[in-house]
Every structure is written in C-alpha cells, then in structure tokens.
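Student: If you want the building blocks of each chain, they are given just below.
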Amino acid sequence: MRIASRAFPLLIAALALGYPWLVPNYYLVYAGALTVMYAAMATSWNLLGGFTGYVSLGHSAFFGLGAYGTGLLVTRLDVPWAVALPVSAALVTALAAGVGVAAVRVRGASFVIVSIALVSMTNLVAQGWRSLTGGSSGLQVPSPFPGLHRGQTHMAFFYLFLALLALALLTWWYVSRSRFGAGLLAIREDEDKAESLGVPTAAYKVTAFALSALFVALAGGLYALWFGSLDPIFVFSILIGSNMVLMSLLGGVRHLYGPLLGALIVAPAGEYFLIALGETQIHLTATGLVLILVVLFMPDGILARFTRRRAGPSIPDRSAGERLHEVTP
Amino acid sequence: MTSLRTDGLTKAFGGVRAVDGATVELLDGRINGLIGPNGSGKTTFFNIVTGMIRPDAGRVLYRDRDITRQPPHRIAHAGIGRTFQLCRVFPRLTVLENMLVAVRRTGLRELLAGLRDRGEVERARHWLRRMGIEHLEDAEARDLSYGQQKLLELAAVLMAEPDLVLLDEPAGGVNPALIDRITGLVRDLNAEGRTFLVVEHNMDMVMGMCDHVIVFDRGAPIAEGPPSVVREDPRVLEAYLGV
Amino acid sequence: MTLLLQGLALGVLTGGLYALLASGLSLYFGVMRVVMVAHPAFLFLAAYLTYTAHTAFGVDPFLALPVTVPLFFALGVAVQRLLVARLAPDNLAMMSVLLTFGLALTIEGLLGTFYTGSYRSVSMDYATRSLTVGGVHLPYDKIIAFSVAALTLAVLFAVLVKSRFGRALRATIQHREAARLVGIPTERVAGYGFGVGLATAAVGGAVLALITPFFPASHWVWIGKLMAVIVVGGLGSVVGAALAAVLLGVVEGVVLVTVDATWATMMFYVFLFLTLLVRPQGFFGGRLAHRF
Amino acid sequence: MSDPVSDPMSGPIAAEQVLALEGVVAGYGRAAPVLRGLSVTVRAGEVVCLVGPNGAGKSTALKVASGLLAPRSGRVMLAGRDVTGLTPQRLLALGLAHVLQGHSVFREMTVAENVRLGGYTVRDQARLDARIEVVKELFPVVAERWGSMAGLLSGGQQKQVEFARALMLEPSVVLLDEPSMGLDPRNTQVVFDQIDLMRRAGVAVLLVEQNARRALEMADVGCVLDLGRVHISGPARELAADPRLGRLYLGGQPAT
Amino acid sequence: KTDEPGVAQSPGQQQGAVRIGISLPLTGDFSEPGKGIQEGYQVWADRVNAKGGLLGRKVELIFRDDASDPNRVSSDYESLITQDKVDLVFGPFSSRLVIPAAKVAESYDMLFVEPAGAAAEVFEQGFTRLFYAAPAIADDHYNYLADYLVKLPADQRPKTAAYASLDDPFAQGTAYGLRDKLAAAGIKTVVDEVYPPETTDFAPIAAKIAAAKPDVVVGGTQFEDAVGLVRALQELKVQPKLAAFSTGPTLPEFPDAVKDAAEHIVSPVGWSAVADFPGNQEMVARYREMFGSEPHEDAANGYTVGQIVEAAVNAVQCVDPSPTCQDKLTDHLRQGTFQTVVGPLSFDEKGRPEQAHMIQQYVGGKVEIVLPEQAGTTGLVYPKQAW
Ligand SMILES: Nc1ncnc2c1ncn2[C@@H]1O[C@H](COP(=O)(O)OP(=O)(O)OP(=O)(O)O)[C@@H](O)[C@H]1O
Ligand SMILES: Nc1ncnc2c1ncn2[C@@H]1O[C@H](COP(=O)(O)OP(=O)(O)OP(=O)(O)O)[C@@H](O)[C@H]1O
Ligand SMILES: CC(C)C[C@H](N)C(=O)O
Ligand SMILES: [Mg+2]
Ligand SMILES: [Mg+2]
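Line order of the protein sequences matches chains A, B, C, D and E. For the first sequence, the working numbering gives the first residue as 2, with consecutive numbering after it. For the second sequence, the working numbering gives the first residue as 626, with consecutive numbering after it. For the third sequence, the working numbering gives the first residue as 312, with consecutive numbering after it. For the fourth sequence, the working numbering gives the first residue as 93, with consecutive numbering after it. For the fifth sequence, the working numbering gives the first residue as 351, with consecutive numbering after it.
Among the hints, erroneous ones may be present.
To be verified - If you want the ones that stay clear, here's a sample from chain B, every Cβ over 12 Å from chain A, calculated:
#1 626
#2 638
#3 646
#4 684
#5 694
#6 729
#7 836
#8 837
#9 850
#10 858
Stated by the list, open to error - In silico contact screen, one side only, chain C against chain E (beta carbon under 10 Å); selected entries:
#11 381
#12 382
#13 419
#14 427
#15 432
#16 438
#17 453
#18 461
#19 465
#20 469
#21 525
#22 573
Derived by calculation from the structure, the hints in this document are not laboratory data. Note that the structure is a prediction, hence the values are computed from the model and not measured. Even for Gly, the Cβ is constructed at its ideal location relative to N, Cα and C.
Only chain A is shown next, with the shape it has when bound in the complex:
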C-alpha cells in the first residue's frame, strides 16, 4: 500500500514527461499543454480557496494581468521574455497583495462578489487603456522561439507549463504541512478565533492571495508568449476563473492532486461536449448540469470519495465516571 502510494506519483510524473513523445500529433501536444496550464492554475487557485475557503471567481484577473504584463514588457520595452515573465509575475503579485488588503476584508459571499468585480475592472482597464494595451484590437506578442516550428513550440510550452505545475504542487504540499497552512485552515473555520490564538489573519490571507496570484500570473505570462495574441475580454474572462474553481472542486479542494485531477477531467470533457453537442447551445446546459450534479453529490470532490469518510466521534468503552476515577489522583 505504502509503496503503491509512493510509486503512483512517480508513474504519473513519468507519464507526464513522456506525454509529448507518446502522442501521435502536435494537436494533442497542444491540448496537453492547455490542460497542464489549467491544472497549474487550478492548483494555484487552491492555495487560496482550499485553505482559506475564500472562493475567488476572479483569478482570471491575475491570469490576464500576468499575460498583459509579460506581453507589454516584451513588445513595448523589448525586455527578453525570460526576464519579462518573472518581472511581470512579481508585479502582479505585488498588486495582488495590494488588492488583497481590501478584498480579504470581506468574508464569504461578499468576497465572491469582490473577485468578480476584480475581473470586470481589470477588463475595463485593459480594454479602455488603448494606447498602452491596444485595447479591443488586442496585443500581439512575438514568439519567444522564432526558430521552432509551431509543433515544437507546443512541446516547449508543454514542459514550461509542466514545470509550473510542479512548482505549484510543491508549494501547496509544503504549505499544507506547515503551520502557515494550519493557520490558513483556521482562518477558513473561524477568523476571530484564529486571530485570538495568534494567527495574524490579515497577513496570512494576503500572503495566500498573493501566492496564489503569483502562479496564475506566471501561467498567464507563459500563455501570452505561447498564444501570441491577447484580447481583453477573453483573458479577463470570468469563465477562465470559474474553470479553476470547477476543476479544484471537482477533484477535491482538500487534496494536493484534487485540482490536477479536476483539470484532467474538465478540460477534455469540455472538448467532448463541444464536439458532441456543439451545434446548439445545449452543451452549455450539459456543462451546467454536470456542475450541479457534482455540487450536489460530490461536494467534497472526487478524491474525497476515495479517502476516509468522516466518522462520528468514537464512543469510549468505559463510562466517563470510570475514566475520571482513573486519572484523578
């Protein structure tokens, strides 16, 4: 059992590394890279959502900012892409920390609203600030690998996204076993109580928010370099943000591999519905119904089905009187 659980991730990792060489054509490499990108973003989302319970439908704001940041640095300032990417991600993270200070002041439902507002705002800015971003005409970013043909570019980005995913997973895992992570869980449960136990809730929340923005921004930056054309209404789209939430939730927000599993299911399933039912809008209904069913019947995600069920408190076999008697001197 133990060996199996150790070997399993290794097997998956090997499969992931070999994937681009195993598939017969570049389209599948492309689709794979897209899925890995989503997996990385969902895992990153889960750094905030899974630990603190703050549901952000607006993480696409960071995706878009990361993408535009990288794109603008590359096109407007001729910064090499390998520099532009981390610089832009760092800027977005700083911005996220700033926004976080205001955003995490509200809890639960209000935070969802704030996150939606965040996407709408960034979209308005990117669209309205035409002289900088190109507005609705979009921004065209040159390929970082002009020497490679399209298929090879997909390969390169597949591995870049894979590295990002690995980084996000590692971060999540690390946080989950640290006191920082425990503090975040406490925040999810009861902020005032956590604060009284010495958890600096505001700082923790902002840190989680910024950390989770960081990886999404990196994904956005890579996306800009890979995809090459950015359009505000599509990168700052609430649907991208909701995809992250859906994937995390489907897989299970309490598990390291939950969002990854979710991405592996949702991305191909989306393709499938579109191809099978694409002639009418009924595929939206299909997606919607699947979402509803997941929420109703697998609220803790797929992985929760395979792990320990919640057992009620155990009943002691001796009466309280007896136990008490024993420890009392």
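Once you've looked at the hints, dock chains B, C, D and E with the ligands against the given chain A.
Tutor: Leaving out everything else, chains B, C, D and E with the ligands in the frame of chain A:
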C-alpha cells in the same frame, strides 16, 4: 510585578456603556476571578484586552507595555490567551488539528516548520487527556457535544502556553466532576507561574479557586479583594448575588 | 448645466431599475446567505418569456406578470427545495456559487437552444416617448421601470421586514433548529423565500425586456454590476440596496455625461472597493458582523 | 380552539399525561449510536433532571423527544400517544416546548422580534401582548433592550431572551437544556423559580443541568446518564446525597 | 509525428471528399452572425456538390464551435489541420477571432480566406495567406457616404457630427473611417464617445449627443448597442439630418427592435439580395430553399469565401494541404479578380479587398440600397425625417 493593568477603559455601543472607566490591576502569578451580573461588561473587557474591540478611551498595559491598539494576534504572541464565552472551536478540523493550530507561532522559521512535530502532538494528547476527551482526537470538532467543545477550547488555549490566561466562563456547560479537575488544573498551572483571570458565575468555583476577586457592575469594578472579603461586601451582595 | 441635470435625472431613473434587478439578490445574499450567480440568468429567462407572451399572444409585457410572477415563485420554491436545500450549510457560500453558476449555464444553454442566439426585443410604442420637464427629457420606459421598481421594493420590504413570513424567514436562516422549535415550518419558509426572490426576477425581466434587446448570454454583463450594488448597500438590507442602486445610477449617469462610458462602468467597482475599505458591512446598514 | 391538546396556550393538561422515551436508540449520521436504549419518563407536575458527563447524550435525548432527531429505534410517547417521528412543529402544537443548549437567539433580529417569534403559532395578539408583559417583568433586560439586535447582547442576556421566548407559550411539557448556563445567580434563581412555578401548574419538565446539585435539590426525579443509557435513577434528593455518585458525576465538594 | 512539417501528405488523401475545416462562433457573443456564416458555407457547398464537386471531388465541411473564444478558435484550427488533416480551411467570424485563427493557419502554411475579419488590425499582423472576402475593410465601409456628404452643396452640407462607438476593432474602424474623412472635409466632430461592450444604458450617451445638437450621428455599433442608441436618441429627441449605424441595421431583427425609428437610418452593407452579380440570384434562391427564410449579409459573406477558393482551386488544379498546393492557391488569389455575389473582388498584398461597401437605408420601412448611385434602388433620403 503587575501582569495586566488597565487605566480607565471605556467602551460604549450606541447608548450602552458596556465598559465604563474600568481600572484594574492584576498581579503576576495569581488566580483572579472576575464576577458581575449579566451585562456588566466582563466579556467586553476581555475583548478589549485581547484587542478584538478598540476602546473609546483608556489604556491596556501588559507587563508595563502598552498594548492598547495592537491587533489580537500580537497580543496573543505577547502571551495572553483567552477562551470565548460562546465556545468557539474550528468546526471542520479534527480535535487534534484544533490543538495543533493553537501552537504559538512567532518567527518565520516557526511558521514554515512542519505541523505534526512529534513533540507537539504528544503535548496536544497530554492536554486532551487532562480534559477527558482524548478518545475524540480524530473526530471533527463540530461533532462534539457542547461541553466537549468547551473542554477542547480550553485545552487549545493551554496548548499555546500563555502567561496570562483569560477564561470566559470555563465551567459553563461542563460537568461538575470535571469542574473540579479544571480547578485543579488551573491551580497547577498557576503554581508553574501562570496568571489567570477567570469570569465565572459558578460561585463555588470562583470562591474556592481564586486568590483575588474583582466584581464588575455597569462596566467598572465596584469591589475587589480576597474571596472571603468580597463575599461579605454589601455592594456585591446587592449588585450580584441579588440578596 | 441641462446636460448635468439630464444625466442626474437619467441616473435616478436607471438607479431604480438597478434596484429592481438587484432586489432579489439582496434577499438571497443577505437574508438567505446564498450566493445566487444565476439571478441575472433568471432575469433574462423572464425576459424571454415576456417576449414569447408578447409576440405569440400580443400581450403587453406587464400584463404577462400575473402569469410569470407565480410561475417564477414556484420555480424558486423548486430550486430551493430540490437544489439549494441539499447543500451543506457549513460551506454554503462556496457551494452555492457553483451550484447557481451551473444553473446559469443551464438556463443560458436552454435559452440558446430554444430561442437561438439572435437578439430579441419587445418594443412598445409607449416606450419610445419621453416626458420633457424644463428641458430635461424623462423617457417613459425608464419612468415605468422606476415606478415598477419602487412598487416591487415596497412590497418586498413589507414582506421581509414587516410580515410574519419575513420574520419566520429570517429566523429560519439564523437558527434553523430554534426556528423549528418555535413552530416555524422551516423548509417551506425557506422555499418561499427563494420563491419571492425569483418572483422579483419575473418583474425585473419584464422591465428589462421592454428596455433593452437581449440574447442568451446577456446575463453575464449584469452580474458584476448588480452585485456591486448590493455590497455597497449592505448585504441583506433591501432599503440599503435600493439606495445604493440609485446612488450608483446617478454616479454612472453623471460620469457618463461628463467623462466617458468606461469610467462610468468603472464607478461601480470603485465604489465597491471604497465601501470595502471604509465600511465593509455596506453603507446603508447591512448584516451584523459575526464576532464574539 | 376547542381541542385542548392542539392549543399550545391551553395550559396544563390532565395529570396522567406524560412524556416518555422508551428504549430509544439514536445517533448522528452513520456513526455509532449515541443513545443506546434510553428510557425516561416524565409525569405532569414533575421535574425530572438528567445529569451526566459531557457527551453522555443528554442533549441528544432532548432532541429525540422534541422531534429534532429521529430515533433509530424506540418510541417517544406524549400524552399517551406515539409521537415518534413527528416534526417539532407538530409536537409544539401538542404542547411540547424545547429550549436548546448553548445560544439559539436569532442573532440578527431584535429582542422584540425574538420574543414575538416565541408565539409564532399563536394568532391571538391580545394574548401575546399579555405574555410579553409577563416576560418583560421577569427579565428586565428584555424590556430594557427591546429594540436591540439580540446577537449583540451579552451571553447571559441572550440566555434570558431565549428563556423569555420559550415562556411565550404555556406548554404542558417542557424540555430545558442547561437553562442556567451563563446566568448570574439572580437570573439563575429566576429560572429555577419559573421551573418551580411550571411544576406547580402541572407542567412536566425534563431538565438537563450541569449545575447538578442545585438542580437535583429542586427536582423530583434524577437520572444519571452515561454512555447513552440511564446509569442510575431515583428520587433526586437521594441521588444528590449519594457520595460515590457525587464524586463521579456531581463534583467533589457539596454545595456550600 | 504524423504532422511534422515536411512529412509528405499521403497520396491517399487525394481521393475521397475535399474536406474543409471551419471553426465558427456557434455559441457565445457572436453566435448569431456565426450561424449566418455557417449557412453561407453550407449553401456554397451544396451548390458545388450539386455541380459535381471541386476537381471532381465532393466537398465536405467540418464545423467546430469555438464558443466565441479565441483560445478555442486556435485549438479548433490546430486540430482541424493536424488531426483531421483537412484540405482547406475557411475563416471564422469576427476580427477578434480571425487574428488568432489566422495565426494557426499561417504557421501551418494554409491558405486562409475569411468572411468577417474586417478591422484594419487584421491586415497588420504580417499574415501572408489571409484574404478578406468582402468588398472593403472596416475603415472604408462608409466611403460612399463620406463622398456623398462632402459633395453636398455648402448650404445643405452638415456642419457637425457626433460619433459613438463600441469598443471593438471592427465597429470603431467603421466609425473612425467616416470621422476622419468628414473631419478632413471640415465637418466638425462635436462628440466622440467610446463605450465598453458591457454598456447597457445608452441614455446618458444620447444626452451628451443631444446637448451638442449635431447634424450627423454616427454609431460604430454591433446589434445590441445600435438598438440601445437609436432608442435613446429617439427618447431624448435628438434630431440629426443623418443617422448612420454599422451592423445593427443590416440584421433582420433591427426594424422590430426599434419600431418606426428605423426609418431613414443608413448603414454600410457589403451585399444586396437584389444585386445581379453573377451567381447572386442563384445563391438567394438556394438559400431560401435550404433555410426557408431570406438570406442576409453574413450568409453572403460565407458564400463569397467559398466562391473565391473555388475559383482558385479550379485555376491551379490542386486541392490538398501540402505547402506547394496552398502556395499556388495563395499566389493565384493575389493575382486575379474574382466574380462573387458581392461583386468582383481583388486583393492587395496584405489581403485587403480593394472594392467598396454600399450604403443601405430604410425607406418606407424597406431596406433600399441608396449609394453608390449606379447600384442604388432609390436615392438617399437626406435630411432624414424626425424620430
Ligand atoms: N457589539 C455590541 N454592540 C452593542 N452592545 C453590546 C455589544 N457587545 C456588548 N454589548 C452590550 O454591552 C453590555 C456588556 O456586555 P458583556 O458581554 O460585556 O457582558 P458580560 O459581563 O460578559 O455579561 P454576561 O455575564 O451575560 O456574559 C451588555 O449590555 C451588552 O448588551
Ligand atoms: N451533530 C453531531 N454529529 C455527530 N456527533 C454528535 C453530534 N452532536 C453530538 N454528537 C456526539 O454525540 C454524543 C452525545 O452528545 P450530546 O450533545 O447529546 O451530549 P451531552 O450529554 O448533551 O453533553 P454536554 O453536557 O457536553 O452538552 C457526543 O459524543 C458527541 O460527540
Ligand atoms: C462585416 C462584419 C461581418 C465584420 C465583423 N463584424 C468583424 O468584427 O470584423
Ligand atoms: Mg460575558
Ligand atoms: Mg448537551
């Protein structure tokens, strides 16, 4: 040495003056009781001391440091721990997790340290045993009975090893046999040098356990002293015991 | 100067519309603690039904209300009883977002399938005229929207704050066991609460149909704005939401005529963030902070 | 209002009418049962006091009695009829009231609304108003803070509002889960006086108290619950005097 | 990989149907026009197949829905080209989707003729295989109208103009094309508004226009906002001498949506049902037969794409995805002039069409072509009647 001192603390909610010029001094190493009728401002006093409410006026000094407007977690780091009257635990964390969250965290190193440090787990189990809820270690806190949650909250606060412990009705809802044990526990910890401030309506407990009792009425102390003296004070009899 | 007045007047009227469209939301959010992302989708469902009633039977949008309002009420009860009620209460905020997001997609897909992606609109003659007072034009359609909004909100206020049902609803949400113990049929009450929320969507949809053309994906545009309204107003406060709606309507109108449309839309979010920084519980009342 | 049983305000009903739990097995979710064959009987005009360690199943027993929790097996009898599985709403109509443990005020409603909701099932405004006057007198804080948000009151004040809310009806069977918790001595006295008054009026009271010595002093029958079963039961005063019991369940030193 | 560039296409592909890959926004924001384009493609394929196909092979259209999302549009063309190994690709709808789509086609050396990427930006990306199959790019849509206004006698000529445009490359292109020409001729710009796509309330914009009392009102619009603007202008009693809006008025739902206010509104249009360009009447008839309704501009644009590619295939006698064949097709397109249902079309080196859009106007409740005069069904009514 003084552990906690407040100078003229005042807090009004709308027209209600919940705490009204409360000046209190607690000496280090004592078990202090805080009693007073319902609504006399005891919980609000706790909330101000622990930074959860900002006073309208007055100062809070802990070991001669002004902590008046510090955020609650700073105050917790300074060594003040508290429980809540309406018992609060982390409902979807297990009992053991509840305990581990409470470990005092200060520096960055501590923060990034692993959670399930063997020593901490042992310590947590020790406290759970002393509260008689060790068999519930893996249960989620929301599945506990009211009294069990109350005990868990107390255990968690002690896990953080505070120097000054504020307890808001530790005996409420707790089985009397356990109350005796809690009393014993408080005494033991006090012998180790911890200071307590206990709000309680259970007079047997207060009078039997405390070295010093402060009586609140309408947001300020009206009497204080050793239990035997306070119990006979006519103002206390009238305002509190209702005789 | 007239321009400014004009902007102001239009802002007030539009604010009324926003208040109407947001009223259901403030009921779910504030009173029932459900994040109802699908409300705008239901608004447009109502708009489509109004459209069908109008084109197929030549019914005036407002005359369709006696049918659509009870229908939506029933729909709301069904949604609550069959879906929302099954969510775990300790994670309601997160789960309800996803559930209602799924609902919104479902509705959009169905609308797209039945009505195709084309734009639809209901235009009545009375909706193209305007009343002119001292050089300021007040379009009749907006006056109508405003009046309907005022009426609906008054009814909603009476139901929620003044009536026995309203008290029972709030009690149900605040402490379900205690509510059952004082004899409140909590399940039925919660269902009716949702029904009332959707009933406002029926009214809002009729007005919306009259005012603007729509297509199945139209609802996405409204989510952000309407939610900003209820946060600024203070979750759970019907009156607050109404005041905030008018305030934001005016700000939008004035900014539109003095600056531009991008800034006008941006104002919603600027106000939202200002509110959070200054008074997270909203400017006009709102819910008790959960402390201690 | 001709059927006295279905009128919650019709006051005490005949003396032979009792509440009885018979061999109740109950628990939460899929977990092992908490109550394992519990039987308790309360007669009209009698106070039965349940004591026991934390987690013994006292609150669970009350929830089964008031219909909040359906038992897995066993019966709940009220006034001679089997009411197992009826909703709290139906049981309330039959004259049964339950005051929960902990805090169960409607936090975001005013004290006034909270108290009025106590009489939710009563349509007769005049009668309600009369009751309101009574509870205001019993608990001055209810009158003083009539318009305040209940969630903002102090812990003990909230408890008073809850008790006041429960007193809005004049039920014939009352389940009280630690009514004195958080109350200062004066208010504790008021609550115990009220319980005594109810008993005199012929109401059957099932009381759970951790303030055990105090409660057993005034109760008629005491039951010690442990591990979901009645461990020992008997006349309340006898139980209180049993030294072994005292040490294990009632606390070391006797009341001073 | 089977799709490694340079790997010879299997000759077996030469048999069987000619497969054409198309991604369209069948859902989402652009679903309505997307559907229209699809119908145009279908009518064209139907006609070609009825006549024996392309180079004797049947034509098979493979549609994908991109849900109006540029991400999807890319993956669609990616999979159509590399997985389905289609012989040809046709373009999607909307400038916003054409650019990412063309990028993919370009990198696989596929010819990319598209029906709806009119914005100037489309042609500034350095695409070498892209052609826009309509008479003119967005900036030139109003050329005839501009000429007409500028040539009016001084006393009738408008003095001031107000512009309101949706923030969208195509919509803005149309409005600004006209604005620049009128401004150059001395017609003053008194209002110049841009509004984001989220805008739902047009009354304040109309108020701004009302305050400026312009002679001409120009809307760079799609549908929803065109209706919103017209209604708002009417309510605020703005009475210009000329009102022009792009896209909205050319859709069949428009007159119903604005009622009598449609009267005398002008709009650029690339195609007319009554024009007697070669094949136009045949298309109209075939469309009616297939879909049981009146054809519209989007369908015509789709059809035009088919006609152009068909002409090139017939001329160079090859139809397969190999770079050689795609090169030949592209070169041919660059050279010639093509007879289509929207008139003869030729392209410059960037793929821009070199002809002009017509101007339509609602006259007596009917759509009439009013400019250019030689194509017109009636004369332009100017000034327009009051709303
Ligand atoms: N947030 C608040 N808003 C308004 N009034 C408040 C608030 N918190 C407390 N009060 C009021 O302040 C007074 C003091 O309350 P506090 O909770 O401090 O009393 P307490 O001494 O702890 O009483 P108890 O013994 O009942 O717990 C009460 O009258 C209460 O209603
Ligand atoms: N909602 C719940 N879900 C699962 N288990 C529960 C739940 N509530 C209580 N339990 C368990 O049932 C047992 C009995 O709980 P109950 O609340 O009846 O105890 P109690 O006797 O009232 O204790 P206390 O004196 O602490 O109030 C406890 O072991 C508790 O852990
Ligand atoms: C003429 C239209 C079909 C052009 C299209 N609306 C675009 O965005 O370019
Ligand atoms: Mg208190
Ligand atoms: Mg209990």
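Student: Checking each numbered hint in turn, tell me which of them this model violates, lowest number first.
Tutor: Those not satisfied are hints 6, 11, 12, 18, 19 and 20.
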